[in-house]
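Undergrad: Single-letter residue listing:
Number of protein chains: 2
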Amino acid sequence: MEEKLERKLEKKLEAVTLNYEAYFSEKALGMKASEIRELLKLVESSEIISLAGGLPNPETFPKDLITKLAQKAIEEHGNAALQYGTTKGYTPLRLEIAEMLRKRYGIPISKVDIMITAGSQQGLDLIGRVFINPGDIIVVEAPTYLAALQSFRYYDPQFIQIPLDDEGMRIDLLEEKLKELKAQGKKVKLVYTIPTFQNPGGVTMSKERRKRLLELASEYDFLIIEDGPYNELRYRGEEIPPIKYWDEEGRVIYLGTFSKIFAPGFRVAWIAAEPHFIRKLEIAKQGIDLCTNVFGQVIAAEYLKGGYLDKHIEKIRAFYKPKLEIMLDALEKYMPEGVKWTKPDGGMFVWVTVPEGIDTKEMFEKAVAKGVAYVPGEAFFADRGVKNTMRLNFTYVEDEKIVEGIKRLAEALKEAMKA
Amino acid sequence: MEEKLERKLEKKLEAVTLNYEAYFSEKALGMKASEIRELLKLVESSEIISLAGGLPNPETFPKDLITKLAQKAIEEHGNAALQYGTTKGYTPLRLEIAEMLRKRYGIPISKVDIMITAGSQQGLDLIGRVFINPGDIIVVEAPTYLAALQSFRYYDPQFIQIPLDDEGMRIDLLEEKLKELKAQGKKVKLVYTIPTFQNPGGVTMSKERRKRLLELASEYDFLIIEDGPYNELRYRGEEIPPIKYWDEEGRVIYLGTFSKIFAPGFRVAWIAAEPHFIRKLEIAKQGIDLCTNVFGQVIAAEYLKGGYLDKHIEKIRAFYKPKLEIMLDALEKYMPEGVKWTKPDGGMFVWVTVPEGIDTKEMFEKAVAKGVAYVPGEAFFADRGVKNTMRLNFTYVEDEKIVEGIKRLAEALKEAMKA
Chain P
1 MEEKLERKLE
11 KKLEAVTLNY
21 EAYFSEKALG
31 MKASEIRELL
41 KLVESSEIIS
51 LAGGLPNPET
61 FPKDLITKLA
71 QKAIEEHGNA
81 ALQYGTTKGY
91 TPLRLEIAEM
101 LRKRYGIPIS
111 KVDIMITAGS
121 QQGLDLIGRV
131 FINPGDIIVV
141 EAPTYLAALQ
151 SFRYYDPQFI
161 QIPLDDEGMR
171 IDLLEEKLKE
181 LKAQGKKVKL
191 VYTIPTFQNP
201 GGVTMSKERR
211 KRLLELASEY
221 DFLIIEDGPY
231 NELRYRGEEI
241 PPIKYWDEEG
251 RVIYLGTFSK
261 IFAPGFRVAW
271 IAAEPHFIRK
281 LEIAKQGIDL
291 CTNVFGQVIA
301 AEYLKGGYLD
311 KHIEKIRAFY
321 KPKLEIMLDA
331 LEKYMPEGVK
341 WTKPDGGMFV
351 WVTVPEGIDT
361 KEMFEKAVAK
371 GVAYVPGEAF
381 FADRGVKNTM
391 RLNFTYVEDE
401 KIVEGIKRLA
411 EALKEAMKA
Chain E
1 MEEKLERKLE
11 KKLEAVTLNY
21 EAYFSEKALG
31 MKASEIRELL
41 KLVESSEIIS
51 LAGGLPNPET
61 FPKDLITKLA
71 QKAIEEHGNA
81 ALQYGTTKGY
91 TPLRLEIAEM
101 LRKRYGIPIS
111 KVDIMITAGS
121 QQGLDLIGRV
131 FINPGDIIVV
141 EAPTYLAALQ
151 SFRYYDPQFI
161 QIPLDDEGMR
171 IDLLEEKLKE
181 LKAQGKKVKL
191 VYTIPTFQNP
201 GGVTMSKERR
211 KRLLELASEY
221 DFLIIEDGPY
231 NELRYRGEEI
241 PPIKYWDEEG
251 RVIYLGTFSK
261 IFAPGFRVAW
271 IAAEPHFIRK
281 LEIAKQGIDL
291 CTNVFGQVIA
301 AEYLKGGYLD
311 KHIEKIRAFY
321 KPKLEIMLDA
331 LEKYMPEGVK
341 WTKPDGGMFV
351 WVTVPEGIDT
361 KEMFEKAVAK
371 GVAYVPGEAF
381 FADRGVKNTM
391 RLNFTYVEDE
401 KIVEGIKRLA
411 EALKEAMKA
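Going line by line, the protein sequences match chains P and E. So the first sequence is residues 1 to 419, counted in the UniProt record's numbering. So the second sequence is residues 1 to 419, counted in the UniProt record's numbering.
Hints in this document: simulated from the structure, not taken from any laboratory. Hints are supplied without guarantee of correctness; some may be wrong.
Label pairs and their in silico Cβ distance ranges [stated by the list, open to error]:
id, chain 1, residue 1, chain 2, residue 2, range
1, E, K68, P, K333, 47 to 53 Å
2, P, G106, E, E21, 46 to 52 Å
3, E, L42, P, S46, 16 to 22 Å
4, E, A33, P, E167, 56 to 62 Å
5, P, K366, E, E239, 55 to 61 Å
6, P, P241, E, A33, 31 to 37 Å
Here are the computed lysine-lysine pairs in the BS3-like style, where the Cα-Cα straight-line distance is at most 25 Å [unchecked claim]:
id, chain 1, residue 1, chain 2, residue 2
7, E, K88, P, K41
8, E, K27, P, K88
9, P, K333, P, K370
10, E, K305, P, K68
11, E, K186, P, K27
12, P, K68, E, K72
Non-contacting residues of chain P with respect to chain E, defined by C-beta distances greater than 10 Å in every case (computed) [unchecked claim]:
id, residue
13, Y23
14, L214
15, Y220
16, Y235
17, R236
18, K311
19, I313
20, F319
21, K340
22, D359
23, E365
24, D383
25, D399
26, E404
These numbers were taken from a predicted model, which means no experiment stands behind them. Ideal Cβ placement from N, Cα and C applies to all residues, glycine included.
With the sequences and hints as input, model every part of the structure.
TA: Put into structure tokens, the structure is as follows:
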């Protein structure tokens, strides 16, 4: 049946009866399918070991618990859980999240208000809608989260890239840039950062840089969008509080999500920020989807209320830690001279830099022929200026396959380096 | 705990540390909280009978079935249901919806492709994003769905209103308008209609008008956005197929939802349209939320696959039918001379027109003082030009309260008419 429909649709796609393009908005005409997604369609064969994904491992989904919580949600809160909810989100969930921010990070709940979003992706789009005028200057890390670029790009900002090193965003270079812009009479509106276990970089911003970034925000009057999806996925090293922890002036808009500490399938995430900002984001959300799916919100609230989070985070950490180690060991063992990679303390990704002159997008098909896939790094740069990098995921693939995948990748790289 | 947070937040809202407005985009500065929502905050007392809502009755939620389906979703499809999904939607659900469109409405599945959205509201926003350039002319019914106006308005269209009568949109007046615009060298881009049991009007577009609307779409080259949330809520009269049924050229973009035939809390809805249009809507959705909550989609798919829909629709109809009758009888019995109302064959709303000169928004507080609430009609008009109307909901309130509510409303009206 599935194939039948798809065949009919393909036929239909050939049978043009309207001049479809004529109806699209100018913005829509400029929207292109992500080439990464197109590339990755090549990878659906089970022969290929894909290190390209960005998915949590389903082994970490607490299925029995979710069954129990879903039942509880209906039995005890059915009328609310199955009904429309408020745009801002299910109040008991907002309260639980506020409590969690206080307990886990020391962020006083009186400092923030919480709005629930349909994944952090919706949060990013809403932030674009509420804060970005065409031409506004947005600072992003280089590399940065692909889909954040996609969300923001719709609002026509001007991106400025600041490179990462092992301690996260190069705040010294940011400061130089800010001075330079100021001299030109220009101003940065937002700085977008994933400070902890960055996607795709894997690196974590040091405590000193976090504080310095806040000082700069105050001095140069910009807001910080802090995206924290991986915060809890720490496998080694010391916890560092979110930037929001030091935020006295309310300049940090913090994005958190249940996707990595519970399950992505609920699409339940949150924005924690100044009540004034939340109020405007709420109004913007009214026109977008009325409310986030309430059933998922009630289940997430029960998850926090039941005190399951801490124990489950331990389980997730224990599950991913060896995978990270296996990947780092395999990289050490098999990668040829001249290839470098980050050594993350957590998260889901390792970032690999290969010798200059090798274009990882051009190399992609050859790697797939050898039975391994990765994400070519180019698309993670706002200006697409860097060709010799790639992102590897270690959370999804079985342990043995990580080793075999790195082996194959090393072979593909050796050939490319010879050519 | 709830109150504690809210108190702290209110305090915070007073303690301004940043010049918040300075950071908002120009569009965001123009976004205002819906005054309707603000008005309705007055109505939270249990003493007041609210006919203002737009909610399905939770008595119609099949709770036991949902518990069973949620369990099944996790047991049989847990890895998919709890994971990220594709932007277009969970394939088994898309197939089931296509099947349903074929069986219930006779729309051949080869004619459409389906994309799942987070409620029809997201569908409306996506349509705005993909089709509306600033200044584009959008025809809406007068009155029309409030939140559709809100969604479209973000994209800066020019609205043209076409009045309703008992057979839905006045297609003759639309044709006049189209001719007039053509003479001016202008063109309508989209016509937005809720043809069946219109919100807020309650009326249904006749078969003849549906066909004529399509002819006009072809002649004047516009697209039709057909919003069909209430299609299945028919309590009397003969079924009329959706406009999409007669759509040979692919000009109709159809919006359907599970909110009224299952439960709104899942926020699972769909757009059925030409594959070329769906493809662009899909790309637009990538930047907005990656995917609709998968858990809800899997449950909805199991709901359709298990064949529960037909029987459940019968139950919903049996539950709402007497409520509609009770409201219509009470209006007949209690309303003073000079007050008119629609006689819907289904849906959730009755639309009341009171004598000119009475402003239902001004009258609202007095009605609340008498213990009844409604939605003043003004906001349902794109130009806010009509003051003497109101929307009444009959699905949510208990039967006795409908009668008592109408009695109180009649009293408030009599006083206003005397004044």
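Undergrad: Are the hints correct? Go through all of them and say.
TA: Now the hints, each set against the structure:
1. Under the hint 47 to 53 Å, the C-beta atoms of K68/E and K333/P, about 50 Å apart, fit the expected range.
2. The beta-carbon spacing between G106/P and E21/E, approximately 30 Å, falls outside the hinted interval of 46 to 52 Å.
3. Distance hint check: the CB atoms of L42/E and S46/P are about 60 Å apart, inconsistent with the given range 16 to 22 Å.
4. In this structure the hint that A33/E and E167/P lie 56 to 62 Å apart at CB is violated, the actual value being about 42 Å.
5. With their beta carbons about 58 Å apart, K366/P and E239/E fall inside the hinted range of 55 to 61 Å.
6. Remark: the range hint 31 to 37 Å for P241/P to A33/E is upheld by a beta-carbon distance near 33 Å.
7. For the hint pairing K88/E with K41/P, the CA-to-CA distance comes to about 15 Å; that is within 25 Å, so the pair holds.
8. Taking the CA atoms of K27/E and K88/P, the gap is about 20 Å. The hint holds against a cut of 25 Å.
9. The hinted pair formed by K333/P and K370/P meets the criterion: a straight-line CA distance of about 18 Å does not exceed 25 Å.
10. Note on K305/E and K68/P: the hinted pairing holds, with a Cα-Cα distance of about 23 Å set against a maximum of 25 Å.
11. Using a Cα cut-off of 25 Å, the hinted pair K186/E and K27/P holds, with the two alpha carbons roughly 21 Å apart.
12. Distance hint between K68/P and K72/E is fulfilled; the C-alpha atoms sit about 12 Å from each other, no more than 25 Å.
13. Remark: the non-interface label on Y23/P conflicts with the geometry, its nearest Cβ contact in chain E lying 6 Å away (cut-off 10 Å).
14. No beta-carbon of chain E is positioned within 10 Å of the beta-carbon of L214/P; the least distance is around 13 Å.
15. At roughly 13 Å, the least C-beta separation between Y220/P and chain E is larger than 10 Å, which holds for a residue marked as non-interface.
16. Residue placement check: Y235/P keeps its beta carbon more than 10 Å from all beta carbons of chain E (closest about 22 Å).
17. Distance check for R236/P against chain E: the nearest CB is about 26 Å away, which clears 10 Å, and the non-interface claim stands.
18. Look at K311/P: its CB is around 18 Å from the nearest CB on chain E, clear of 10 Å, so calling it non-interface holds up.
19. Interface exclusion of I313/P from chain E stands, the closest Cβ pair being 17 Å apart, more than 10 Å.
20. Separation of F319/P from chain E is adequate, the least Cβ-Cβ distance of about 15 Å exceeding the 10 Å criterion.
21. Against chain E, the non-interface label of K340/P holds: every CB pair exceeds 10 Å, the least being about 30 Å.
22. Separation of D359/P from chain E is adequate, the least Cβ-Cβ distance of about 25 Å exceeding the 10 Å criterion.
23. For E365/P, the condition that its CB be more than 10 Å from all CB atoms of chain E holds, with the nearest at approximately 23 Å.
24. For D383/P, the condition that its CB be more than 10 Å from all CB atoms of chain E holds, with the nearest at approximately 19 Å.
25. Annotated as non-interface, D399/P keeps its C-beta farther than 10 Å from every C-beta of chain E; the closest such distance is 18 Å.
26. Every CB of chain E is more than 10 Å from the CB of E404/P (nearest about 22 Å), matching its label as outside the interface.
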